[in-house]
Amino acid sequence: MNDQVLIDKAKASLGDRVEITNPAPRRIFIRVKADDLLAAVGWLKNEAGFTHLSTISGVDLGQSFEILYHFANNFICVTIRTEISRDHPLLPSICELIPGAVLYERELQDMFGIVVQNIPDGRPLVLPDDWPSGNFPLRKDWKYERPPEVIPGGKK
Amino acid sequence: MKFQIPIGPQHPALKEPIGLRMTVEGEVIRDADIRLGYNHRGLEKLAEQKTWIQNIYLTERICGICSHSHTTCYVQGVEKLMELEPPKRGLYIRTLVAELERIHSHMLWLGVAGHEAGFDSFFMYTWRDREIVMDILETISGNRVHYGINTIGGVRRDLDEQQIKHILDSLEILRKRSEYYKNLGTNEPSFVARLAGVGYLSKEDAIALCAVGPTLRASGVPMDVRKDDPYAVYDEIPFEVCTADTCDVLGRTVVRIKELFQCYNIIEYLLKNLPAGPVAVRAPRRAKPNEVVSRYEAPRGENIHYIKSNGTDKPERLKVRAPTLGNYAATIKMLKNGFIADVPLIFAAIDPCICCGERAVSLVDARTGQEKIISMNALKNLSLKVTAGKARKREAEWPL
Numbered sequence: 001m002n003d004q005v006l007i008d009k010a011k012a013s014l015g016d017r018v019e020i021t022n023p024a025p026r027r028i029f030i031r032v033k034a035d036d037l038l039a040a041v042g043w044l045k046n047e048a049g050f051t052h053l054s055t056i057s058g059v060d061l062g063q064s065f066e067i068l069y070h071f072a073n074n075f076i077c078v079t080i081r082t083e084i085s086r087d088h089p090l091l092p093s094i095c096e097l098i099p100g101a102v103l104y105e106r107e108l109q110d111m112f113g114i115v116v117q118n119i120p121d122g123r124p125l126v127l128p129d130d131w132p133s134g135n136f137p138l139r140k141d142w143k144y145e146r147p148p149e150v151i152p153g154g155k156k
Numbered sequence: 157m158k159f160q161i162p163i164g165p166q167h168p169a170l171k172e173p174i175g176l177r178m179t180v181e182g183e184v185i186r187d188a189d190i191r192l193g194y195n196h197r198g199l200e201k202l203a204e205q206k207t208w209i210q211n212i213y214l215t216e217r218i219c220g221i222c223s224h225s226h227t228t229c230y231v232q233g234v235e236k237l238m239e240l241e242p243p244k245r246g247l248y249i250r251t252l253v254a255e256l257e258r259i260h261s262h263m264l265w266l267g268v269a270g271h272e273a274g275f276d277s278f279f280m281y282t283w284r285d286r287e288i289v290m291d292i293l294e295t296i297s298g299n300r301v302h303y304g305i306n307t308i309g310g311v312r313r314d315l316d317e318q319q320i321k322h323i324l325d326s327l328e329i330l331r332k333r334s335e336y337y338k339n340l341g342t343n344e345p346s347f348v349a350r351l352a353g354v355g356y357l358s359k360e361d362a363i364a365l366c367a368v369g370p371t372l373r374a375s376g377v378p379m380d381v382r383k384d385d386p387y388a389v390y391d392e393i394p395f396e397v398c399t400a401d402t403c404d405v406l407g408r409t410v411v412r413i414k415e416l417f418q419c420y421n422i423i424e425y426l427l428k429n430l431p432a433g434p435v436a437v438r439a440p441r442r443a444k445p446n447e448v449v450s451r452y453e454a455p456r457g458e459n460i461h462y463i464k465s466n467g468t469d470k471p472e473r474l475k476v477r478a479p480t481l482g483n484y485a486a487t488i489k490m491l492k493n494g495f496i497a498d499v500p501l502i503f504a505a506i507d508p509c510i511c512c513g514e515r516a517v518s519l520v521d522a523r524t525g526q527e528k529i530i531s532m533n534a535l536k537n538l539s540l541k542v543t544a545g546k547a548r549k550r551e552a553e554w555p556l
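Each protein sequence line maps, in turn, to chains A and B. Just so you know, we're using my numbering here: the first sequence kicks off at 1 and counts up by one. Just so you know, we're using my numbering here: the second sequence kicks off at 157 and counts up by one.
Quick caveat, the hints were computed from the structure, so don't treat them as lab data. Since the structure is predicted, the reported quantities are computational estimates derived from the model, not experimental observations. The C-beta atom is built at its ideal place from N, Cα and C for all residues, glycine as well. There may be inaccurate statements among the hints.
List time: in silico BS3-like cross-link candidates among lysine-lysine, alpha-carbon distance up to 27 Å [claimed, not checked]:
| id | chain 1 | residue 1 | chain 2 | residue 2 |
| --- | --- | --- | --- | --- |
| 1 | A | K155 | A | K140 |
| 2 | B | K383 | A | K140 |
| 3 | B | K470 | A | K143 |
| 4 | B | K470 | A | K45 |
| 5 | B | K444 | B | K428 |
| 6 | A | K33 | A | K9 |
| 7 | A | K143 | B | K383 |
DEER-style ranges, computed between Cβ atoms [unchecked claim]:
| id | chain 1 | residue 1 | chain 2 | residue 2 | range |
| --- | --- | --- | --- | --- | --- |
| 8 | B | D187 | A | P124 | 49 to 55 Å |
| 9 | A | N74 | B | L202 | 43 to 49 Å |
| 10 | A | G154 | B | E181 | 49 to 55 Å |
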């Protein structure tokens with residue numbers, strides 16, 4: 001399988017709803033709408049045979065969040081990207097199709113405050129138990145302020 | 157009667173703090189749950205505030221064992237963003253260090269596996285041999301752990317004739333000593349029997365749960381980034397992807413031993429075909445707005461960095477997924493229906509950085525809430541007792 005074969009297949013199956021780019025050899029980016037995400041992932045897994053999800057990356061674009069699903073097989077690395085609004089960060093879970101995605105989706109919830117719908121296990125994963133709610137570190141407007149250090153019994 | 161056993165966040169079998177909670181029925185684990193977050197360092201956020209060059213040294217400190225893996229993955233992504241073409245000699249040296257790192261990581265793992273299985277002489281043999289590799293790394297880079305050899309556009313240090321000769325001589329010793337690992341099955345049938353059938357992960361599960369590296373290859377899936385998506389100079393080096401089909405810890409051991417021999421061949425090829433010329437090119441300070449997905453086969457499996465630039469001297473986003481995270485979902489599957497006694501071995505098998513401390517596991521009785529403290533040694537002895545004399549284990553064969 002080479003890049004062009006997969007691009008042709010994707011165009012034939014997914015139609016005009018998607019935008020496909022091929023910036024480098026063995027790298028394909030497919031942009032889909034959030035509503036079409038499950039259909040695109042389903043196509044990639046069942047028709048194109050991409051079963052390995054490498055990871056899910058989130059990017060804060062300011063007005064919206066961009067979510068990138070990096071898939072790989074023995075030949076190509078395909079990235080499906082979608083954008084969701086910052087005010088209503090809702091994302092469908094792909095765990096029904098790819099069970100191994102659950103850890104990455106939990107990470108997204110923790111770091112960006114994205115609500116993943118139908119996630120089989122939505123508990124916090126990467127942040128500590130006593131992390132204050134409503135703090136999502138990878139959002140661009142989140143700034144860390146180190147609390148002033150108090151030495152017990154030290155000078156006032 | 158069901159019990160819940162917490163393992164971690166501080167535990168000898170897990171060098172990184174991680175919380176595991178096993179629901180057990182007698183000796184058998186029925187359910188396992190994983191909790192991260194005890195060691196969150198905010199590294200991805202920090203990377204957005206550092207320059208491209210500073211980030212090389214930041215990514216190097218993600219992990220001690222695969223420090224070169226993370227920098228190479230990051231650096232080759234940034235080189236694509238900056239449209240740089242590193243010189244051939246630089247790429248050869250980068251690959252050489254990568255393979256040396258793979259040898260030392262696999263030897264460390266073999267030793268730990270031997271230790272967890274109650275075969276401590278093997279642990280001492282492999283760690284003795286690992287010192288040879290550490291010495292080579294020290295002669296090349298000046299350091300044993302964080303080599304600091306990568307830079308954007310190539311590598312920071314060149315090799316001279318004397319160093320090449322030293323590496324080739326040491327390689328001979330390593331090859332000779334590794335013969336023992338290869339014949340391990342015939343020499344040590346009890347070790348093979350201890351590993352066989354432990355931590356079973358079927359091929360279908362390994363694929364569905366997105367396992368990576370030797371864990372995936374031991375379940376019979378020939379996936380290796382070096383072959384599938386060649387980076388650096390792997391497209392011109394002859395080597396084989398090593399797999400096993402036993403789907404258990406024995407398979408993971410076999411895959412790593414086979415890979416050791418591949419590494420020796422790769423290193424010999426690299427040194428004998430080392431091209432002349434410079435080792436690095438000058439890199440610009442800024443990168444145009446773009447994005448790149450960089451993949452790398454670390455000793456533990458696929459490592460992936462997603463890097464996005466915005467035209468300044470700092471990245472807009474650096475997403476890192478280290479191989480161990482990719483293997484956690486599969487680990488839960490491996491633990492299920494296994495024995496408590498096998499927990500150290502199964503966990504060791506994905507290679508999540510292990511220290512050899514002497515701490516305690518507390519067994520909580522779910523009904524009475526009573527805790528029973530059991531030392532790691534007692535747990536290990538239990539593990540040896542439980543697995544003794546199982547028919548399928550006696551029939552296990554060494555495939556090398």
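Mind listing which of the numbered hints don't hold for this structure, in increasing order?
1, 2, 4, 5, 7, 8 and 9
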